[in-house]
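Colleague: Produce the entire structure from the sequences given, and follow the hints as far as they go.
Sequence lines, in order, name chains R and X. If you read the first sequence in the numbering used here, its first letter stands for residue 11, the second for the next number, and so on. If you read the second sequence in the numbering used here, its first letter stands for residue 11, the second for the next number, and so on.
Source of the hints: derived by calculation from the structure; they are not laboratory data. Relax, there's no trap hidden among the hints.
Given that identical chains are not distinguished, each listed pair holds provided it fits within a single copy or across any two copies.
Calculated lysine-lysine pairs in the DSS-like style (CA-CA distance at most 30 Å, straight line):
| # | residue 1 | residue 2 |
| --- | --- | --- |
| 1 | Lys523 | Lys482 |
| 2 | Lys537 | Lys384 |
| 3 | Lys75 | Lys384 |
| 4 | Lys260 | Lys274 |
| 5 | Lys601 | Lys384 |
| 6 | Lys378 | Lys482 |
| 7 | Lys537 | Lys523 |
| 8 | Lys378 | Lys561 |
| 9 | Lys75 | Lys65 |
| 10 | Lys316 | Lys260 |
| 11 | Lys565 | Lys70 |
There are 2 protein chains.
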Amino acid sequence: MAYENRALNDSMLNIPSEPRGAFTGSNQFILNEDAKKSTRDQLRAIGPWCRQKAKNIFRKKTLYKRLPFLSWLPRYSGADAVGDLVAGITVGLTVIPQALAYAGIAGLPAAYGLYGSFMGCFVYIFLGSHKDVPMGPTAIASLLTLQASKGVWQRSVLLGFLTGLIEILMGILGLGFLLDFVSGPVNSGFTSAVALVILSSQVKDVLGISASGNTFIQMWSSIFEHIQDTRLWDTVLGILCIIVLMLMRKITSIKIGPENDGDKTTVQKIVNKLLWLIGTSRNAILVVICGGIGACLHSTGQQYLKLIGDIPPGLPAFQPPPFSIPAVTNGTEIIQEEESFSEMVSQLGSGLIVVPLIALLENMAICKVFSEGKPIDASQELLAIGTANVVNSFVQGYPGNGALSRGAVSHASGSRTPMGSLYTGVLVILALLFFTPYFYFIPRAALAAIIIAAVVFMVEVRVIKPMWRSKKSDLLPGLATFVACLALPLEFGILVGIGINVVFILYHSARPKISIELCATTGVNTKYLMITPDRCLIFPSTEYVRNLVNKQGIKSQTPVVIDCSHIYGADYTAATVIETLVRDFDSRGQKILFYNLKPSVVHVFEGVDNHILVYYDFDALERVINEK
Amino acid sequence: MAYENRALNDSMLNIPSEPRGAFTGSNQFILNEDAKKSTRDQLRAIGPWCRQKAKNIFRKKTLYKRLPFLSWLPRYSGADAVGDLVAGITVGLTVIPQALAYAGIAGLPAAYGLYGSFMGCFVYIFLGSHKDVPMGPTAIASLLTLQASKGVWQRSVLLGFLTGLIEILMGILGLGFLLDFVSGPVNSGFTSAVALVILSSQVKDVLGISASGNTFIQMWSSIFEHIQDTRLWDTVLGILCIIVLMLMRKITSIKIGPENDGDKTTVQKIVNKLLWLIGTSRNAILVVICGGIGACLHSTGQQYLKLIGDIPPGLPAFQPPPFSIPAVTNGTEIIQEEESFSEMVSQLGSGLIVVPLIALLENMAICKVFSEGKPIDASQELLAIGTANVVNSFVQGYPGNGALSRGAVSHASGSRTPMGSLYTGVLVILALLFFTPYFYFIPRAALAAIIIAAVVFMVEVRVIKPMWRSKKSDLLPGLATFVACLALPLEFGILVGIGINVVFILYHSARPKISIELCATTGVNTKYLMITPDRCLIFPSTEYVRNLVNKQGIKSQTPVVIDCSHIYGADYTAATVIETLVRDFDSRGQKILFYNLKPSVVHVFEGVDNHILVYYDFDALERVINEK
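Modeller: See the structure below:
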């Protein structure tokens with residue numbers, strides 16, 4: 011290696027004592043890097059590192075990280091209790107109608123929605139790191155459960171159990187980073203498509219017809235097949251409910267009195283709070299009213315409306331999740347064949363991977379929105395929702411996680427700690443104990459209306475405009491995900507989007523931007539070419555860079571300087587190609603000099619017996635260029 | 011947008027007139043970027059762009075690029091003719107024994123090797139851009155042909171035809187860039203594994219036994235099954251041939267007389283040239299001698315050695331490649347069933363993708379090694395070898411391309427232009443016309459020895475050391491490819507390696523290095539945190555950056571400056587996350603300032619209604635930090 015590191019040593023001594031000037035930024039950054047440790051040192055460090063890790067597991071800090079309630083419970087105040095009580099009950103009023111409705115999306119009897127809505131809440135209090143994550147069934151998780159377990163309750167509950175285990179495992183292995191590879195546009199495309207699929211799945215209940223199908227296209231073709239069976243009263247009630255819900259949603263944002271909160275009278279404040287509460291509890295209010303209508307019409311003896319029907323009263327049995335399905339016989343005929351554990355697992359198939367990942371995606375979305383800058387620990391969230399799902403599966407709950415809609419209600423109701431979930435859970439238990447007889451009369455169309463009025467706002471049309479203004483090429487993965495999720499099963503749809511994004515990253519790493527400038531040395535005025543690649547040199551881009559530098563070099567016939575200020579890394583392939591490049595220039599008798607190359611990259615280039623000339627001092631560089 | 015662009019405007023006016031100082035590099039690079047065109051301008055530009063492209067196709071420059079012989083043929087001199095003649099004949103002496111041997115690798119009668127070795131040479135003269143690419147069967151292509159077409163000649167020839175078409179298509183679509191994603195380590199691992207597989211496939215011929223198998227493991231287990239059938243004379247001859255070839259290979263590098271070429275006498279020069287020629291033609295010499303031995307032993311009537319047997323005399327018929335296979339009956343029994351075109355294609359399967367890609371990989375390797383810095387046009391090479399393969403398939407040749415071994419011989423024999431291929435092709439034709447009766451007596455063991463002595467040097471043990479010194483993590487994709495190619499079919503093996511490399515790139519884009527420095531302003535000495543990410547902000551890294559900046563910001567409680575000198579790009583996800591980050595800081599009442607952010611990235615951030623404070627002037631930045 012023949013590089014001038016005198017300048018390097020000088021700079022390292024001088025710069026820290028100098029005042030920080032406007033242009034030292036990038037340079038200092040390059041020079042301040044850690045000295046590389048030798049391999050032997052690295053190997054020797056493994057022992058202490060393992061000991062340290064083992065010690066960490068039992069340290070107080072780790073304990074507080076893994077059991078977040080230890081941080082807030084000792085400081086729990088009266089104000090916290092009031093805030094959490096109000097938030098917990100408000101969320102509870104949202105959760106109960108949602109739970110009944112989402113069970114329908116999952117193709118299960120309404121009771122299963124409630125079964126999955128209380129144990130998880132209790133678990134989350136102890137393990138959850140975020141105050142606004144009310145555990146329970148969500149629209150997306152319900153749809154994925156339907157796709158994986160085809161509406162068989164045993165499979166759905168087993169899916170909850172296995173999903174929980176996989177989430178815990180992912181948490182332990184720290185796989186939360188996988189979410190980083192779902193970009194904003196893909197996420198928006200996926201969510202929007204899911205919303206449309208869920209909406210389509212509810213249209214049949216509004217119309218009172220039976221239709222089936224897994225994808226958007228299948229659902230609509232099935233709806234049009236059965237459109238002649240449309241039932242009048244279901245349709246009228248469904249559409250009315252949607253309109254009422256939309257109007258009530260508007261009520262939340264109505265504020266009477268003066269704009270400034272301080273100027274309002276107490277009455278105005280109470281009215282505002284009441285309006286907000288009515289708007290927020292719109293689902294519960296609607297369910298109660300429609301239940302009344304359902305009961306009245308039912309008492310006439312005529313079946314005007316399809317009702318959700320019997321819900322077994324009381325809490326579900328606490329028992330292990332079903333690891334096999336017994337054969338069901340209808341007297342002599344076999345309605346459902348026996349299914350062993352392995353058959354159930356193979357039926358669930360890719361759902362076992364997709365459900366945990368999407369659950370984490372949805373859950374983290376809430377955490378990110380309401381975190382207020384506090385870093386979120388994805389591993390801890392995985393452990394929390396994983397354990398909650400495992401426990402849920404013992405009370406016949408199907409997979410769930412935090413939902414953005416409930417999170418928003420919790421946040422807006424002034425929640426203070428995860429303790430709010432306690433009251434939500436208790437409310438669900440009370441509902442199961444005392445209200446199940448009344449749930450019988452809730453019309454299906456009303457529940458479908460609740461879902462439709464909620465998911466329609468999940469279609470993220472609003473992101474298109476900023477995306478167009480910000481970076482047009484990002485529309486492609488977003489739109490592709492959207493279309494693919496409508497046409498294909500959801501897991502393939504999201505994979506299409508991620509695939510396109512990965513291709514973008516690969517292209518990006520393969521084609522660096524390179525700026526080329528014809529310069530002249532100070533004083534002597536010798537012409538030279540300054541070539542500045544804007545990023546690191548790794549294998550997909552190296553041949554491209556070599557071709558370009560050679561082409562420009564042959565064209566200009568001057569010495570070539572590669573400004574490496576932005577090259578923060580390189581690999582073996584780059585090292586070999588740079589060696590060839592240097593030989594190319596040598597064979598033409600042309601000078602090629604490297605300026606400001608990070609010592610760690612020099613080390614990589616050195617590995618292949620590369621003889622490159624590196625300078626860190628601009629004057630020294632110019633002197634060499636001036637030499638004939 | 012509230013960024014101070016006064017400094018930006020000043021700098022743009024001033025810097026170009028200033029002498030280029032040591033620290034202006036990165037800054038100037040950032041400020042000099044092109045103004046972004048509006049979308050409407052871009053759309054408007056499509057028309058002229060298309061017209062220009064259409065015009066370009068018929069321009070002289072494009073014609074010269076697509077028909078490279080137009081450049082060199084008019085300037086063809088006597089010296090060129092002599093150089094090419096010598097090189098062409100030397101290469102021919104290598105090609106003929108290679109062709110006979112490689113046909114064995116492909117599981118075809120020896121004649122097919124010769125059939126694929128002359129038409130392609132003639133085509134390459136006109137279309138090829140490189141002087142050292144003698145078209146013909148290669149070891150790797152032969153092995154891939156065997157794996158795809160299982161030794162059925164009709165399928166092999168059809169594979170040649172289709173491979174050619176796909177190569178031409180890839181050339182037209184400019185897909186040559188795909189090769190950039192095969193890194194050096196993966197390439198080395200693949201080549202080494204292929205060499206071992208080929209070597210293993212030839213062991214059976216050296217031992218004179220019959221064995222089969224597709225992968226390394228299958229081959230060796232089959233060899234050990236049949237090891238008791240080992241034939242004495244074949245084994246002796248095979249091992250002797252390998253030793254002789256290794257020794258003769260050494261002869262090429264023997265130089266007698268003084269070291270300096272100028273000091274040598276004419277005799278010394280001639281002896282040196284002769285030694286080199288003998289060493290280079292070692293395969294041809296060995297084949298002639300072994301053929302003699304084979305003929306002698308054959309005349310005794312005893313079958314001491316397995317010979318390659320009848321080769322039909324004369325040139326192959328010029329006819330379209332077989333698009334179906336007729337049924338072959340042995341009197342009453344059907345030996346081979348009829349196969350339609352679609353059945354043949356489905357038999358070839360993934361080979362139709364793998365063979366063209368690997369052919370290009372091998373071909374480009376030669377071009378890169380011997381290009382001497384001239385840029386290589388991958389599209390043109392694809393067109394050349396594609397057309398050559400299509401034409402070859404009309405004379406019953408199977409897929410081929412340039413081989414490194416022949417390329418090296420050509421280069422060392424002093425080739426001047428692609429015209430050398432003419433003499434190589436003529437020599438093969440002469441061999442077919444006049445020497446086929448003599449080929450009958452060539453022992454199989456001798457051909458196997460030729461292959462083994464050649465491929466053993468393809469096992470790239472020598473790259474391990476520089477890779478270890480240069481970048482240890484690059485050993486992983488290399489070794490993984492090597493092991494996977496031995497254990498699995500080759501196409502899966504190379505995919506494993508590429509997959510690992512892609513994961514590296516993705517990880518790399520997800521976890522930027524971020525340097526953090528506690529600084530103080532000049533004079534007033536207000537503390538602030540300078541955070542410098544080392545690369546662009548795209549979606550896999552944005553949440554990580556946000557978490558880290560928030561964490562450091564909360565810890566330090568000082569204003570935070572993000573030094574964006576190295577951020578050359580961003581996407582929509584980054585823009586939304588930066589917006590959240592700015593809101594995080596606002597909610598804490600903490601200052602966050604952006605320094606030296608490229609205007610194009612500012613544009614991306616602006617798209618999502620982001621209110622960020624950007625400074626390009628260090629003094630202005632410090633003034634804002636000093637404000638309370």
